[in-house]
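Number of protein chains: 2
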Amino acid sequence: MTTKKSFVSRVVLTCVAMCLAACVSRANAQQATPTPQINLMPIPASVTFHPGDRLPVDASFKVATRGHSDDRLKAAIARFMRRLEGRTVFTLAPGLATDDQMTQLIVHADGPGQNIPSVRENESYRIDITDRQAILKAPTVVGAIRGLETLLQLLSADRNGYFLPGVLIQDQPRFPWRGLLIDVARHFQTIEVLKRNLDGLAAVKMNVFHWHLTEDQGFRVESKKYPKLHQLGSDGNYYTQEQIKDVIAYARERGIRVVPEFDIPGHSTSWLVGYPELGSAPGPYTIERRPGIFEPALDPTREEVYKFLDVFLSEMAALFPDEYMHIGGDENEGKQWDRNPAIQTFMKAKGIKDNHALQAYFNTRLLKILQKNGKKMIGWDEILQPELPKDIVIHSWRGTAALAEAARKGYDGILSNGFYIDLIQPASHHYASDPLPADSTLTPEQARHVLGGEATMWAEWVTPETIDSRIWPRTAAIAERLWSPRTVTDVNDMYRRSTIISLQLEELGLMHKRNQDMMLRRLVRNDEIGPLKTLVSVVEPVKEYRRYQMRPQTMLSPLTGVIDAATPDADGARRFSWMVKEFLADAPRYQLYRAELTQMLSDWQESGASLGPMIDRSPALKEIKPLTKGLSELGDVGLEAISYLKLGQPPTREWREASTLKLDEAAKPYAALEFMVVPAVKQLVTAATEIGQPRRVTSQVP
Amino acid sequence: MTTKKSFVSRVVLTCVAMCLAACVSRANAQQATPTPQINLMPIPASVTFHPGDRLPVDASFKVATRGHSDDRLKAAIARFMRRLEGRTVFTLAPGLATDDQMTQLIVHADGPGQNIPSVRENESYRIDITDRQAILKAPTVVGAIRGLETLLQLLSADRNGYFLPGVLIQDQPRFPWRGLLIDVARHFQTIEVLKRNLDGLAAVKMNVFHWHLTEDQGFRVESKKYPKLHQLGSDGNYYTQEQIKDVIAYARERGIRVVPEFDIPGHSTSWLVGYPELGSAPGPYTIERRPGIFEPALDPTREEVYKFLDVFLSEMAALFPDEYMHIGGDENEGKQWDRNPAIQTFMKAKGIKDNHALQAYFNTRLLKILQKNGKKMIGWDEILQPELPKDIVIHSWRGTAALAEAARKGYDGILSNGFYIDLIQPASHHYASDPLPADSTLTPEQARHVLGGEATMWAEWVTPETIDSRIWPRTAAIAERLWSPRTVTDVNDMYRRSTIISLQLEELGLMHKRNQDMMLRRLVRNDEIGPLKTLVSVVEPVKEYRRYQMRPQTMLSPLTGVIDAATPDADGARRFSWMVKEFLADAPRYQLYRAELTQMLSDWQESGASLGPMIDRSPALKEIKPLTKGLSELGDVGLEAISYLKLGQPPTREWREASTLKLDEAAKPYAALEFMVVPAVKQLVTAATEIGQPRRVTSQVP
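Residue numbers (my numbering), protein chains in the order written: chain P, 20 to 721; chain B, 20 to 721.
The hints are simulated quantities; they were obtained by calculation from the structure and are not laboratory data.
Heads up, some of the hints might be wrong.
A pair holds if it fits inside one copy or across any two, identical chains being indistinguishable in the list.
For lysine to aspartate or glutamate, the following DMTMM-like pairs were computed, each having C-alpha atoms within a straight-line distance of at most 25 Å [as the list claims (entries may be wrong)]:
(1) Lys395 - Asp177
(2) Lys247 - Asp129
(3) Lys264 - Asp254
(4) Lys93 - Glu406
(5) Lys428 - Asp373
With the rest of the complex left out, here is chain P:
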């Protein structure tokens, strides 16, 4: 059988995945003979191709189980079938097959694994696909669930139909703790949002949903013991205990742990609205509406506070089955403590020398409550204190150094530094962050304390409408960092696969792609969103904490502006920058991608001009007026630079100076949005300026 399919290569290719991504990427760059391209994310620990083999997937496709089977596995297979049907538009026979011979996929789990998802779960699996049958084998149901996701990613198609490529995959995660924190306090997120994101986590083999439930800006869980917590601390936006149980069950079905966080003693304003007597200052308190770090903190010197926490945390411990409970512990500056004479007296009497020690005292008391309830404590860096036992977990926002230091002391830890997806950094930035970097000096014994990491979706500036676009697809890159071998680091291939996976995530109901057009339609007030879409494809929200500085809003503000429709990793900007690099490397012909670059730059010119009248009809767009000028001018400068390069004639000094001024102006953010294409246009200008000068080495172009 000879076909053009890349997978059906006659070359036997066996390699572990760490080299695979790299060689695939090289093959792409060189346009070499067909090499198996792997569209999996995260990349498995090991992949071996069976060249020429393909298992057809048609309307007769059936699944059977062997070995252990239970409701969770059956439900996972049913979801798998449903997604397969959705993509292929086949009506598959419902239920499981009974005749192994007529069955295309055998799912063989050895046993159920942990009853409650656990950090000790064995998530490994093995997939062997021949042209006769696919066999998925795993020691646990969760391992089988991970393998089913791999199978869905393997689904391929050509003119002969759908098929699974012949392949042997042996896979297990690098780290046992791979999570996503969702802050539901700054902006409440509906159950629907949580469920579709749990599906997304399962699709990229993540296994922890860290539910950041309380904050200065909201208390989001029903307490039957202290109902004023949610009644007065949430504006009515909280989860009932029934809903919490439903989410936990939904996560469990997908092999995902739910770790709740109750952030204390700081970050606790919303607790104090209903129970001001717990605070270190008299109150009254109101729900905080601003972003930032605030003073309110629980009073760690009063027994009533511990009684309250004992009752409340015991209630929560019964609600959340996970063996870990996150107590936050971050960013408490202790200003209320400093000003409270009773607290100062207490500290003197007990010989507590500073606020840091006072918080350590608080944590020690808290630990006893957690231990009594059979829970292990996890908290942010600040909780690390010599007094605490070794079974607590340090959650590091500070970085790998802090994590390594904890590991050396014998503490387990997870990393979130580098994984702050609320800060609008590119996926490549997060991808470069590794809980156990190559240069780690930890011994193997110490390294085992590094359990993994978590992406953090802090929610100051996301609503149910936009949150998916901040989580996806970048979280897939973080998932890969935490699952795949350390050496899987090819950024270009990560982006290539991320684009494919992003599309598949849509079938789970995730809105990261489809909501953008809708938001643009609302802004433009009609269907003609083309020019605005062009702008949004080359700008991004400003990074880190600059959004609030440049464009202050509160937790009650609408997040429906252009900045909210814009996304990290703006696709037009990435494409443009990549093409400019190829174009300049093609010197002195300057042929490669010239047509596409010219078209893109012309589109910027035209879109910049079209946006003016659109802004007049839609005042919500007024704030982007300066960007429309910038867009046109970037188009002008880029086209002119390409003309010079094409002609081989250097531009005048006047042009160079004028262009530099325009680029400097375009580099300034407006409406908390910044052009991501300025460096690439600058490269074109520099190249044009240097015409006739001694040739620069093109590889210097970043």
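Since the structure of chain P is already known, use the hints to place chain B on it.
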């Protein structure tokens, strides 16, 4: 003050809405001097402009209440503010204003109205907007809620900012019963789907959600009395009683009644899965997976059946507060009855002459159960029997004649004939259907029995992913038919406003627009959906019941094909047909829209060609292969015809014959999809053919 705003016309214009739509439309067609254009849907009973007046809407916008105020009104105002913020990106001050002088909008409700939404609710309201203040006055909270929706539709913008135009509106509905039936049995619809559609109903002032809860294919409501009903009849897809209460409360907040339907004695297979002893044949029964009419029916001759119904319907009567209960009663062919000797014996003994009379006997017994529970009976045409009292309501799928006949007999009735939105007819078709048509011969007294109508979303071929695209925006046209004066009938203006309203409906979370691209991406397996989108913009699913005949599927099949991504009222086809009409009316210049038509036809040619390779990569598209050829050929023929017209040279007979063959071929549906542009292209061909012949009257072009 002189501005270009159309609303700020200096011409005093006072007219009732029935003439307004027509004159607006005329103004458009003639490109006349600016005339106030009304973007409301449904059009109010009366609109009077205050020329020159405009009330600015900026970040200082505040709302106060006068007269009656309650939680429902406050929540409605809070939602109003939230949507206003979403569109304008203003952060408005939360809560209500206390100082009338500084308040832009005063909402004055005289009283709460009906505690439970009722067919007797007074929904009228009055809006008076000057350049100083807007006053919304209504006798009831529901009237105020209707007025708030009008205000959101009135929100306008220009380069000076957002504003409400100066206007006096006095409005009330033509019919008191304006509903949407959602069949949640053929395909289960999530609570999320129901809630966003309730928001959509409120936006177009509909007031009944008819919840079609039971069918052969599913039993969707939890029964605590007979749990096997939902446990065995639903595949686990049912609403808990808590969820039902939640939906009812959500609807009440928006002034919407919830009328449950329990369809008996036919359409009841799913009941019999758990309780086969209720059936007229021994069973066992399984949930029906096919569409159609089936034999299973309750046994109307056994007392146990009435005991069961008494307990079950009493349970449901307590759950659903509406005064009406829908008992279905349709499409029972009685085949099980014919074959059951005990039933035949019973009929002979009681002197019941036929199955029709037997069902009347059943209904009489059922009526007693409903009456005992304080409910009025509503059912489909078939229930109309002389024995039944006058306070039952006839729900007519048969048509206005049946409705009028019932009204003459003194029965209340509502119309669904003409409002079957599952049949993929254009909005214009539904718009033409009137429960009380102009030629009605009913006396005013009889006419009062015609309470209104309901759009019916039968759910054989919709899932949560696609249902919104079948409901919206066409249901807005039906809402207008049922609310606005009878004389509001301008189809072009209806479509113009429908396009605007459709966009606003998106802010409620409705997915009718944004899901299409996602479905196309899944089919194409990447982001390059352009050519497929071009195809989908000019084809529609086949009408009426031909889909199943041409492309049979079951209730378990994926609804993710091109037919599911395609929609009624395909926008490209509508635009093309309209332009062709204008182009031909511009004879002999043939200048008007020629450029745009040429571009569109070229796009068809290119898209048709591009789709071939896409289909090779995506076997799910294989079924549309014949359509890609049709698309290209329609492009060819259309472009050639335009060339002939432009040159003024008649084509050869060979061309005409070849073109006719191509058009005949393109008129054939494939994959249950049909081109909606064949008649328009045919008009071009005919016009080209007639070059040089005596001029036809262009108005003959439909």
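Now for the hints, and whether the structure bears them out:
| no. | hint | in the structure |
| --- | --- | --- |
| 1 | Lys395 - Asp177 | neither (51 Å within a copy, 59 Å between copies) |
| 2 | Lys247 - Asp129 | neither (47 Å within a copy, 34 Å between copies) |
| 3 | Lys264 - Asp254 | both (22 Å within a copy, 21 Å between copies) |
| 4 | Lys93 - Glu406 | neither (47 Å within a copy, 52 Å between copies) |
| 5 | Lys428 - Asp373 | within (23 Å within a copy, 88 Å between copies) |
Of the numbered hints given earlier, the model fails hints 1, 2 and 4; all others are met.
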